[in-house]
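Novice: Guided by the hints, dock chain P onto chain S, whose structure is given.
There are 2 protein chains.
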Amino acid sequence: MIQHSVMFNLNHSPDSREEQAFFDAARELATIPGVDQFSCLRQVSPKNPFTFGLSMVFASQARYDHYNQHPLHKAFIEKYWRHAVSEFMEIDFERY
Amino acid sequence: MIQHSVMFNLNHSPDSREEQAFFDAARELATIPGVDQFSCLRQVSPKNPFTFGLSMVFASQARYDHYNQHPLHKAFIEKYWRHAVSEFMEIDFERY
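Chains S and P are the protein sequences, given in the same order.
Going letter by letter, the first sequence gives residues 0 to 95 in numbering that gives the first Met the number 0.
Going letter by letter, the second sequence gives residues 0 to 95 in numbering that gives the first Met the number 0.
In case anyone wonders, no lab produced these hints; they're calculated from the structure.
The beta carbon of each residue, even a glycine, is placed where N, CA and C say it ideally should be.
Heads up, a few of these hints could be off.
[As the list claims (entries may be wrong)] Listed below are the simulated EDC-like cross-link pairs for lysine to aspartate or glutamate, each with C-alpha atoms no more than 20 Å apart in a straight line:
1. 46/S to 17/P
2. 46/P to 91/S
3. 46/S to 91/P
4. 46/P to 18/S
5. 78/P to 23/S
6. 46/S to 18/P
7. 46/S to 23/P
8. 78/S to 35/S
9. 46/S to 93/P
10. 73/P to 86/P
11. 46/P to 23/S
12. 46/P to 86/P
13. 46/P to 93/S
[Stated by the list, open to error] Listed next, the stretches of chain S that the computed footprint assigns to chain P, with coverage defined by at least 3 CB atoms under 8 Å from CB atoms of chain P:
14. 30–41
15. 50–61
16. 80–91
Just chain S, with the same shape it has in the complex (with noise of 0.2 Å):
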């Protein structure tokens, strides 16, 4: 099983109609099988410098490899991802 998160900052004014907009293209991930516990979050820590996170599981490795390669993934990157956030940090945790 892995946890799969992904920290992030958008170039979009905070609560605007382009921020909205990536949102609703990022629920769509959702859809994508495989894709488990699929969450948009918003961080409230003072202490972390990324305001948004999207987290999902998967069941195996094989399914993460899916999902990197569904072409609904791609297109979010293409389309979304690449415009609008300006810096990231990915996590993906495994059970210790």
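Specialist: Then chain P, alone, in the frame of chain S:
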């Protein structure tokens, strides 16, 4: 609902007895009332600089505050965290 996590690196040698003792002590934090879905985590992303993680969920800020002030949490910070953790980043997420 707040998803609280912390990513960190340890001064201990990988898979050492000290590392094991650190996580054994960390698991006791799960017994603090209000701590849900407690997990000890290991990074598998080559793109993330933090090797380990702890993650938990609080139903409210009040429960989070209670955890922060709890003697078990304070003792863990004092006896284990301070000596063992070389760098860390906290993450507090709410649903977007």
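Novice: Compare the structure with each hint and give your call.
Specialist: The hints, checked one at a time:
1. 46/S to 17/P: 28 Å, violated
2. 46/P to 91/S: 9 Å, holds
3. 46/S to 91/P: Status holds; Cα separation ~9 Å.
4. 46/P to 18/S: The hint is violated at about 26 Å.
5. 78/P to 23/S: At roughly 45 Å apart (the allowed maximum being 20 Å), residue 23/S and residue 78/P break the hint.
6. 46/S to 18/P: 25 Å, violated
7. 46/S to 23/P: 26 Å, violated
8. 78/S to 35/S: The hint is violated at about 23 Å.
9. 46/S to 93/P: Within the cut-off at roughly 15 Å; holds.
10. 73/P to 86/P: 18 Å, holds
11. 46/P to 23/S: This hinted pair is violated, its Cα atoms lying about 26 Å apart.
12. 46/P to 86/P: The given pair, whose Cα atoms are some 16 Å apart, holds under the 20 Å limit.
13. 46/P to 93/S: 15 Å, holds
14. 30–41: holds (count 4)
15. 50–61: n = 3 at 8 Å, threshold three: holds.
16. 80–91: Our answer is that it holds, as 4 residues pass the Cβ test (under 8 Å) against chain P, meeting three.
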